[in-house]
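Colleague: Residue-level listing of the chains:
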Amino acid sequence: MAMRTWKVAIIGGGPGGLMTAYLLEKLAASPIDLTLYEASHRLGGKIKTMSFGSTPAPYEAGAAEFYDYSSIDDDPLRLLVKELGLSIHPMSGSAVVMDEGLLSNLDDVRECLGDAAARALVAFDRSAQDAMSPRDFYAIGESYREVLPQGLGCFGELLEAIDEPHAVRYINRLIHSDLATEPQNTSVSYGLQNYLMNHPAYMRLYAIEGGNEQLTLALAARITARILLQHRVTCVSRDGAGRLRVEATHTDSTGSDSFDSVIVALPIEHLAALHFSDPVLAQAMQRHLDHHNHPAHYLRITILFDHPFWRPMLPGSFFMLDRFDGCCLYDESSRNPGSPHAVLGWLIGGSSALQFGQLPDDELVRLALNSLPSQLALGRGHVIEARVHRWLHAVSALPGGCTPLPIDRRHQPDLLHHPNLFVVGDYLFDSTLNGVLDSAEHVSGWLSDLINAGPGVLL
Amino acid sequence: MIPNPATSFQSDDPSVAVPATRRVEQILFTTDRRDTRPVIMSFDDSSGSRAILTTSDTPDALDTAAVAAILAGEALPEAGRRPPEEPHYEHHLTLLLMPEIDPDATQIPSSALQWAATNGRPGRENLVLIAIHGATIAWAPGRAVLMAHPSRIESVRLALLDFCFYEAELRSIEDAVSLGWPNLKRDAPLAFEFDDRSVGRRSELSTRFQRVVALRCRASQIMPHLNRPAIHPPTLASQIGERFRERSRLESRGDFVSDQLEIQERVYEQCGQRASDYMIARKENLLCWMVVVLLGAELVLLLVGLLASTGV
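Each protein sequence line maps, in turn, to chains H and F. Numbers 33 to 491, taken from our numbering, label the letters of the first sequence in order. Numbers 607 to 918, taken from our numbering, label the letters of the second sequence in order.
Just so you know, the hints here were simulated from the structure itself, not pulled from any lab data. There may be inaccurate statements among the hints.
To be verified - Residues from chain H that keep clear of chain F, each with C-beta distances beyond 10 Å, as calculated:
id, residue
1, Lys39
2, Ala60
3, Lys78
4, Thr87
5, Asp139
6, Ala233
7, Glu241
8, Cys267
9, Pro311
10, Pro347
11, His414
Unchecked claim - Listed below are several chain F residues computed to face chain H (Cβ distance under 8 Å; list not exhaustive):
id, residue
12, His739
13, Thr742
14, Ala797
15, Pro839
16, Pro840
17, Ser864
Virtual Cβ for every residue (Gly too), placed ideally from N, Cα, C.
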């Protein structure tokens with residue numbers, strides 16, 4: 033009599049793949065043989081902490097921060113970070129630089145944009161809070177269901193209803209880099225969610241000390257899965273025994289292996305490149321793609337300076353700038369208190385990211401420096417080194433699709449014919465790291481139930 | 607209901623608005639309703655406390671001298687600067703207001719910082735210095751320096767007074783709780799065993815129990831103000847209030863003092879219960895003896911009657 037080992041493949045070594053592997057190993061009561069395929073030479077996907085070449089100054093090249101919902105209810109990601117023994121650093125910032133003026137609060141808005149703009153902003157804020165309570169906000173993150181009535185149109189229409197142009201421009205600039213798309217391309221829910229995330233009653237922001245990549249490193253260190261780096265999965269098919277066969281290329285060779293279950297944890301852009309040989313599955317995956325493929329874009333320009341010239345004027349972890357249709361500037365060096373380095377990171381989102389992403393790095397750095405307000409122009413002469421990272425088509429502008437599907441259907445595109453193929457991704461929830469953990473929890477819980485309930489012993 | 611600082615930070619009396627020149631203000635936080643001096647703000651905390659300006663509401667030569675003394679690093683002139691002895695006063699604040707038009711001049715002079723820092727008990731109080739969005743404030747218990755643009759200084763002053771009042775209230779509760787520990791150590795055994803020698807301490811225990819309950823009431827009244835939620839969109843005043851609450855750890859200090867009061871309350875509640883049980887038991891004991899004596903007397907009388915009837 034031998035124990036049956038459930039054989040599972042996870043395609044994608046980003047946060048979704050690693051979280052699924054970690055949770056699956058934790059939840060499964062029977063032994064599992066887990067293989068994790070990653071096409072690139074590194075794990076972590078969109079969580080990427082890097083250093084400059086000239087000096088070991090760290091910066092976030094990918095996901096800038098984590099969202100903390102724990103003031104409302106349980107926050108699984110915050111609990112996971114705690115469970116992994118990682119320390120966090122709270123992040124905050126409320127300043128928006130518009131037309132060379134620094135707007136740090138309502139008094140500044142009133143002074144620079146006028147009384148009418150301040151009133152319109154307060155009115156919009158009230159209506160946003162009325163439309164979505166912190167509990168609704170949490171529920172959206174938890175299940176990505178529509179809490180607002182259907183038929184409200186897009187978020188752009190909601191902004192157009194504000195009859196004060198300065199207030200509209202202020203709101204647009206405030207949320208543009210988080211939204212990563214234009215207001216007319218996203219739902220009212222997602223737009224409001226991105227506006228209300230600035231409100232401390234809804235959520236707070238934090239970073240992981242030592243770099244956000246500590247999360248994926250800690251997950252990778254704790255899983256026993258066979259990790260195959262630089263193994264690009266090209267095809268998923270069904271073998272004669274009803275199992276799923278995964279074909280992967282490594283350097284110049286191609287290999288394949290069969291699995292009881294396969295979890296595809298890829299960003300939507302990479303999912304489109306994966307071939308499914310079974311026509312029924314291929315159709316189901318195409319439907320899945322069509323429903324969820326609403327690409328949004330990020331562009332990150334990070335510059336190392338010889339001193340933090342912006343701090344007297346702009347304290348805090350980040351501030352918003354009205355250039356590039358609204359971008360967020362992170363004081364990357366503030367993530368590590370006491371750091372001697374001075375690093376500013378521009379996070380550009382939406383169509384600006386797509387448009388400017390085509391330019392060469394040198395040109396982007398020049399544009400970024402020119403975007404600094406005149407009060408900070410002095411810093412342009414203090415550049416040591418610069419890096420550019422493009423995340424085009426990397427996230428979803430409309431997480432969950434136009435009408436979010438039931439959670440099970442989101443994670444199993446072909447329940448009838450391929451019940452052993454699952455998908456995991458942030459685009460299935462709210463395009464955040466919290467969302468990808470929700471997705472990973474759902475699939476790992478589901479699969480571990482199957483593993484634990486199935487014939488654990490093979491005669 | 608907790609007032610929204612964005613809308614509630616307005617002076618009760620327009621005549622006590624901040625003047626355009628530098629000046630020193632003596633502010634009294636009091637519950638005395640008989641005080642007729644100008645009220646800067648009222649606190650919505652069930653105690654009916656108000657911030658009262660005890661110095662004149664227009665700058666005079668004395669103000670000029672006081673500002674010059676602070677900036678020169680000298681002691682504050684005495685005459686007219688100290689509030690008279692108040693039978694009802696609770697907390698005092700001396701505030702140096704420095705309206706500043708130049709946005710680049712955000713540094714409070716070191717002499718003024720020194721002045722603010724030297725008020726507290728050595729080794730205990732630390733100066734909190736906050737520079738945010740064009741306003742700079744240095745605060746230590748009892749003293750503060752505020753530098754901001756004239757258009758913003760009024761709302762920032764009110765936010766600062768709001769913080770100073772609740773911080774002073776919390777500190778007074780903390781001090782009272784600290785003073786209670788030696789008594790608690792002596793009284794704690796009575797929560798387990800109460801005997802005849804302890805009967806004389808009943809009123810003392812009752813006073814302490816009432817004192818702890820009063821402190822607990824006050825702590826619970828101010829707690830919502832210590833845990834006030836951040837407002838959105840923020841105003842400069844609300845941002846300053848939040849920074850001060852955060853830097854002086856009001857929320858966690860409030861939690862700690864509540865925990866300490868709970869322990870003290872529990873001990874004195876037990877002491878009260880033991881004392882009450884003891885007194886009831888003693889009365890019952892006395893009653894039993896009285897019954898025994900009466901029964902004995904009745905028995906004697908019966909015996910006497912019996913003997914008399916038998917002609918012995």
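Colleague: Answer holds if the nearest beta-carbon of chain H is closer than 8 Å to that of serine 864 of chain F; otherwise answer violated.
Modeller: It is violated, given that the least Cβ distance between serine 864 of chain F and chain H is near 20 Å, above 8 Å.
Colleague: Test the statement that proline 311 of chain H is away from the interface with chain F: the closest C-beta pair must be farther apart than 10 Å.
Modeller: holds (52 Å)
Colleague: Over 10 Å from every CB of chain F: does cysteine 267 of chain H meet that, or does the non-interface label fail?
Modeller: holds (50 Å)
Colleague: For the hint on histidine 739 of chain F, just tell me whether its beta-carbon gets within less than 8 Å of chain H.
Modeller: holds (4 Å)
Colleague: Regarding the hint that alanine 797 of chain F lies at the interface with chain H, is the smallest CB-CB distance below 8 Å?
Modeller: Violated, about 38 Å.
Colleague: Is the Cβ of lysine 39 of chain H farther than 10 Å from every Cβ of chain F?
Modeller: Holds, since 50 Å exceeds 10 Å.
Colleague: Was alanine 233 of chain H rightly flagged as not at the interface, with every chain F Cβ beyond 10 Å?
Modeller: Violated, since 6 Å does not exceed 10 Å.
Colleague: Are all beta-carbon distances from lysine 78 of chain H to chain F longer than 10 Å?
Modeller: holds (28 Å)
Colleague: In terms of Cβ atoms, is chain F entirely out of 10 Å range of aspartate 139 of chain H?
Modeller: violated (5 Å)
Colleague: Min Cβ distance, proline 840 of chain F to chain H: is it shorter than 8 Å?
Modeller: The hint holds - proline 840 of chain F has a Cβ within 8 Å of chain H, the shortest such distance being about 5 Å.
Colleague: Over 10 Å from every CB of chain F: does histidine 414 of chain H meet that, or does the non-interface label fail?
Modeller: holds (20 Å)
Colleague: Taking the shortest Cβ-to-Cβ distance between glutamate 241 of chain H and chain F, state whether it exceeds 10 Å.
Modeller: Per Cβ check, glutamate 241 of chain H is outside 10 Å of chain F; nearest 19 Å; holds.
Violation of the numbered hints given earlier is confined to hints 5, 6, 10, 13, 14 and 17; the remaining hints are satisfied by the structure.
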